[in-house]
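**Q** As a plain string of letters, each chain reads:
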Amino acid sequence: MNQPFHKRKERLNLFQTLFGKKKNIKVTSSEMNIEMCPKCSTAIESQTLKQQNFVCLQCNHHFPMRAYDRIDAHFDAGSFIEIYAKANSNHLDSFPDYLNKLTKYQKQSDLNEAVVVGTALIANQKVAVAIMDSRFMMGSMGQIVGEKITRIIELADRRHYPLIIFTASGGARMQEGILSLVQMAKTSAALERFHQNNGLYISILTHPTTGGVSASFAMLGDIIIAEPKALIGFAGRRVIEKTLQEQLPDDFQSAEFLKAKGFVDKIVHRNALRTFLIQVLKLHNLEVKA
Amino acid sequence: MKNLSAWERITIARSQNRLKALDLIPHLFDHFVELHGDRLYGDDRALVGGLASFEGQAVTVLAQSKGRNLDENLSCNFGMLHPEGYRKAMRLAKQAEKFKRPIITIIDTAGAYPGKEAEERGQAEAIAQCLKLFSQIKVPVIALVLSEGGSGGALALSVANKIYMFENAVYSILSPEGFASILWKDETRAKEAAELMECTAFDLQAKGFIDRIIEEAELGLESDPLFSIVQIKDAIRQDLNVLHKMKLNVMLEHRYQKFRKLGSHL
Numbered sequence: 001m002n003q004p005f006h007k008r009k010e011r012l013n014l015f016q017t018l019f020g021k022k023k024n025i026k027v028t029s030s031e032m033n034i035e036m037c038p039k040c041s042t043a044i045e046s047q048t049l050k051q052q053n054f055v056c057l058q059c060n061h062h063f064p065m066r067a068y069d070r071i072d073a074h075f076d077a078g079s080f081i082e083i084y085a086k087a088n089s090n091h092l093d094s095f096p097d098y099l100n101k102l103t104k105y106q107k108q109s110d111l112n113e114a115v116v117v118g119t120a121l122i123a124n125q126k127v128a129v130a131i132m133d134s135r136f137m138m139g140s141m142g143q144i145v146g147e148k149i150t151r152i153i154e155l156a157d158r159r160h161y162p163l164i165i166f167t168a169s170g171g172a173r174m175q176e177g178i179l180s181l182v183q184m185a186k187t188s189a190a191l192e193r194f195h196q197n198n199g200l201y202i203s204i205l206t207h208p209t210t211g212g213v214s215a216s217f218a219m220l221g222d223i224i225i226a227e228p229k230a231l232i233g234f235a236g237r238r239v240i241e242k243t244l245q246e247q248l249p250d251d252f253q254s255a256e257f258l259k260a261k262g263f264v265d266k267i268v269h270r271n272a273l274r275t276f277l278i279q280v281l282k283l284h285n286l287e288v289k290a
Numbered sequence: 001m002k003n004l005s006a007w008e009r010i011t012i013a014r015s016q017n018r019l020k021a022l023d024l025i026p027h028l029f030d031h032f033v034e035l036h037g038d039r040l041y042g043d044d045r046a047l048v049g050g051l052a053s054f055e056g057q058a059v060t061v062l063a064q065s066k067g068r069n070l071d072e073n074l075s076c077n078f079g080m081l082h083p084e085g086y087r088k089a090m091r092l093a094k095q096a097e098k099f100k101r102p103i104i105t106i107i108d109t110a111g112a113y114p115g116k117e118a119e120e121r122g123q124a125e126a127i128a129q130c131l132k133l134f135s136q137i138k139v140p141v142i143a144l145v146l147s148e149g150g151s152g153g154a155l156a157l158s159v160a161n162k163i164y165m166f167e168n169a170v171y172s173i174l175s176p177e178g179f180a181s182i183l184w185k186d187e188t189r190a191k192e193a194a195e196l197m198e199c200t201a202f203d204l205q206a207k208g209f210i211d212r213i214i215e216e217a218e219l220g221l222e223s224d225p226l227f228s229i230v231q232i233k234d235a236i237r238q239d240l241n242v243l244h245k246m247k248l249n250v251m252l253e254h255r256y257q258k259f260r261k262l263g264s265h266l
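Heads up: the protein sequence lines correspond to chains A and B, in order.
Residue 64 in the numbering used here sits at position 64 of the first sequence, with consecutive numbering throughout.
Residue 104 in the numbering used here sits at position 104 of the second sequence, with consecutive numbering throughout.
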């Protein structure tokens with residue numbers, strides 16, 4: 001009996017959102033799913049957005065991307081083999097309210113922790129990959145995230161696979177204290193061994209990559225790529241503004257800013273990333289059949 | 001050892017009259033020769049580095065340095081390093097490796113400096129490279145946490161075979177003020193945050209991060225520094241002796257495993 005009203009309300013919501021009268025970005029109706037680009041307000045149908053790798057083709061805004069969507073976008077279909085998928089931090093609940101937060105994020109996302117690791121093929125070349133997902137507690141790095149990343153580095157080292165890490169993180173996870181912080185040292189030490197054994201490591205910095213993750217494995221790639229406009233930095237903008245009592249320019253700590261300062265090799269559009277990775281792997285004398 | 005709350009220890013660690021690295025160096029070492037600059041950009045006064053003799057043995061000293069008064073603090077940026085400080089440390093660490101000198105670091109910083117120029121010159125990259133380099137530097141490394149170990153800025157110089165920590169020093173992922181501000185949006189609850197953060201030497205020894213706790217004199221470290229100095233010297237002597245006897249790959253594996261095993265259960 002309510003249905004006609006319900007449908008009318010859905011249509012009204014959709015209308016208001018499209019014309020900027022409502023703030024929520026996602027519109028769900030029984031007829032279609034529409035998302036709005038937060039930069040240029042273009043309405044994009046969800047299915048289309050996924051086909052476009054979550055990039056707005058009007059303004060090139062790169063939407064945040066789920067770890068599994070990145071795997072679909074960049075690696076050979078069906079080639080990803082996940083490891084340590086079930087590892088979670090729920091047994092580390094010594095900090096007040098931590099377990100509640102973890103279970104909340106686990107319910108909201110399709111993840112047990114903020115990083116997904118495994119092996120995949122890219123144009124038939126086997127690679128070890130780690131993909132962080134900022135939806136899970138800001139992509140923060142606790143013991144489990146640090147351990148999964150360390151183990152995938154060690155696996156790449158043992159099997160001589162190139163290593164590709166997508167970073168997206170607010171930094172070390174404060175609820176786990178010192179044992180989060182030391183993950184910076186642990187991952188960096190594993191990368192140094194991989195480096196000494198001539199392993200190829202490509203890091204891809206996505207929005208946002210800050211704090212303890214930027215100050216460890218994110219910045220240690222042989223080749224460091226960033227997605228357009230991604231926020232990359234060590235200290236938070238507000239902390240710096242408070243310390244200096246001055247406003248920072250808009251592009252401060254953007255991918256483009258870091259490239260201009262010499263800390264990023266290249267900014268690669270998400271839709272060109274797969275081709276770029278294949279090219280780089282080829283140039284490292286690896287057999288790649290494109 | 002005194003039974004104090006974490007906040008009481010933080011207050012002691014941060015007090016202006018607390019012993020600073022520049023006071024400690026002449027007690028621990030002879031003939032300290034300071035070496036300046038990172039050969040890339042400048043000379044960061046928040047990182048004092050150089051050569052010295054420890055009981056007749058050549059060592060490289062890398063110390064995070066807070067000032068003893070306002071003038072010194074303005075010159076050393078209150079002990080908060082810029083990227084050039086970390087890069088100076090790396091330059092001198094490679095020099096130590098070349099001449100086979102053990103490295104002794106002194107940790108005393110609220111954190112790496114959160115400034116505009118620090119970001120422009122790659123604070124994150126400098127810290128990351130430090131962590132990477134020190135993990136495989138081919139000489140023994142010993143770190144001594146003097147008062148404050150703040151975040152990645154302190155960790156960058158803590159990748160050591162052995163880490164010692166003064167009884168009233170603290171070491172944490174971020175300041176209790178920052179912690180309270182993120183957790184409760186209220187910086188004034190820092191005292192409460194401190195008790196939750198497990199940032200004392202005793203907490204960190206229980207977690208396997210700290211190897212030795214250096215006791216402070218009953219009436220405070222400053223009342224009788226030698227009480228602590230003797231313990232540090234004994235510890236360095238013993239540990240260097242053991243580390244020197246190890247084969248190089250064993251000594252490197254020892255340092256690698258110290259960090260590898262922290263938080264390693266999936």
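By construction, these hints were calculated from the structure, which means they are not laboratory data.
Any given hint might turn out to be false.
[Unchecked claim] Reference listing, derived: stretches of chain A covered by chain B, where coverage requires no fewer than 3 residues with Cβ under 8 Å from a Cβ of chain B:
#1 49–57
#2 61–75
#3 102–110
#4 131–139
#5 163–177
#6 228–236
None of these values were measured; they are calculated from a predicted model.
Every residue, glycine too, gets a C-beta built ideally from N, C-alpha and C.
**Q** State the violated hints by number, sorted upward, taking the hints as numbered earlier in the document.
**A** 1, 2, 3 and 4
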